[in-house]
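S.K.: Here's the letter readout for the chains.
2 protein chains.
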Amino acid sequence: MTKQFHDSVLSPDTLDQLFNEARSYNGWLDKDVSDEQIAAIYDLLKMAPTSANMQPVRIVWVKSADAKARLAKLVMEGNTEKVLSAPVTAIIGYDIDFHEELPWLFPHTDAKSWFEGDEEGRKEGAFRNSSLQGAYLMLAARAVGLDVGPMSGFDNEAVDAEFFGDNSRHKSNFICSIGYGDTESIFDRSPRPDFGTFNTIV
Amino acid sequence: MTKQFHDSVLSPDTLDQLFNEARSYNGWLDKDVSDEQIAAIYDLLKMAPTSANMQPVRIVWVKSADAKARLAKLVMEGNTEKVLSAPVTAIIGYDIDFHEELPWLFPHTDAKSWFEGDEEGRKEGAFRNSSLQGAYLMLAARAVGLDVGPMSGFDNEAVDAEFFGDNSRHKSNFICSIGYGDTESIFDRSPRPDFGTFNTIV
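If you read the protein sequences in the order shown, they are chains A and B.
Numbering follows the UniProt record's numbering, with no gaps: position 14 of the first sequence is 14.
Numbering follows the UniProt record's numbering, with no gaps: position 187 of the second sequence is 187.
Since the hints were made in silico from the structure, they are not lab data.
We treat Cβ as the ideally placed atom computed from N, Cα and C, and that holds for glycine.
Keep in mind that the hints are not guaranteed to be accurate.
Pair ranges (Cβ atoms, derived) [to be verified]:
#1 A:120 <-> B:81: 23 to 31 Å
#2 A:156 <-> B:35: 35 to 43 Å
#3 B:168 <-> A:30: 48 to 56 Å
#4 B:158 <-> A:110: 52 to 60 Å
Please construct the entire structure, taking both the sequences and the accompanying hints into account.
M.R.: Set out below in structure tokens:
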């Protein structure tokens, strides 16, 4: 039986941890993130919804000094030190040919055939759904007591060649450092819009 | 002082509510979602990160019988009844010209100039970041005790004309019904990948 949580609003502390007090960090305390913590993040994010369970995200977790140095050369100057100092930086990519996996990921029906011959549609679906999965990753990291610092300032083609070079159908979307955030590295929070600014109820 | 939650792993029940037991619903109990609940979802999702705080998401919350009927005509046949029966369906869109808002959303620097004259870059940034915000929306809805049912099977251009018609720079990304899920409307959960299938640590 599926558990439900109707009208169960999470506690103020939990909403602070996930949304209200969490920040995007630019600097990190000198404390490792373990492979077990990385796996815990993935094991949460993979449960959240993707279209037809396509699960297009492909993640390279950059953790060794050598890999950090290779990635740091391919990011914008302002991001170099962030990548070098973070315990781990996730390269959040996607597989344009995710449909090849649908026979086992979505076994109820022949979903693979919906995407065959439609590379443009697959690119759009993979980009949208790997972005969703990148967002799940960030909230999952916060849910296990870690902080994040997402970045899109890097050379996507060079990162693809360096880290997805063995599969030309895998493309980078964005990157995200993960660790224990240093409060010295953040500024005042940017303003947030009131509901009426960007929303309408019809 | 920024609150931090280092190594605070959320409780098993909370992780169930957000990730492990939550499901994408196809049918809904006959119970309304209030405007206050909708605002609570937005007030959480807007706190989560977007690139340069661009906040590109533009949301139309389809709640009246008339608006549901207008939207239901523009979705794939399999989604018609979902839209008609859901208490509310959010049209998650984005503004290609989000950069016009950056002077107040990102006041630290002249971020608007980074995007001027680069419409392709803005489209990519708006699509990526509105997708992130759509994912935040789904987890925020779960965080306040509601269920979600995301859908991408609809006519984007027709939805844009019908619901974003007063601003041709606003485009739909995906739609998501929100309410109290009916367990009768779901099937067995689709398989999830092991860590090693789509991840590498380097």
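S.K.: Each of the hints needs a verdict: does it hold here or not?
M.R.: Structure-based check of each hint:
Checked against the hint of 23 to 31 Å, the pair residue 120 of chain A and residue 81 of chain B passes, with Cβ atoms roughly 29 Å apart. Taking the beta carbon of each, residue 156 of chain A and residue 35 of chain B are about 41 Å apart, inside 35 to 43 Å as hinted. For the pair residue 168 of chain B and residue 30 of chain A, the supplied restraint of 48 to 56 Å holds, since their beta-carbon distance comes to about 50 Å. A hinted range of 52 to 60 Å is violated for the C-beta pair residue 158 of chain B and residue 110 of chain A, which are about 27 Å apart.
In the structure shown, a violation is registered for the earlier hint numbered 4 alone.
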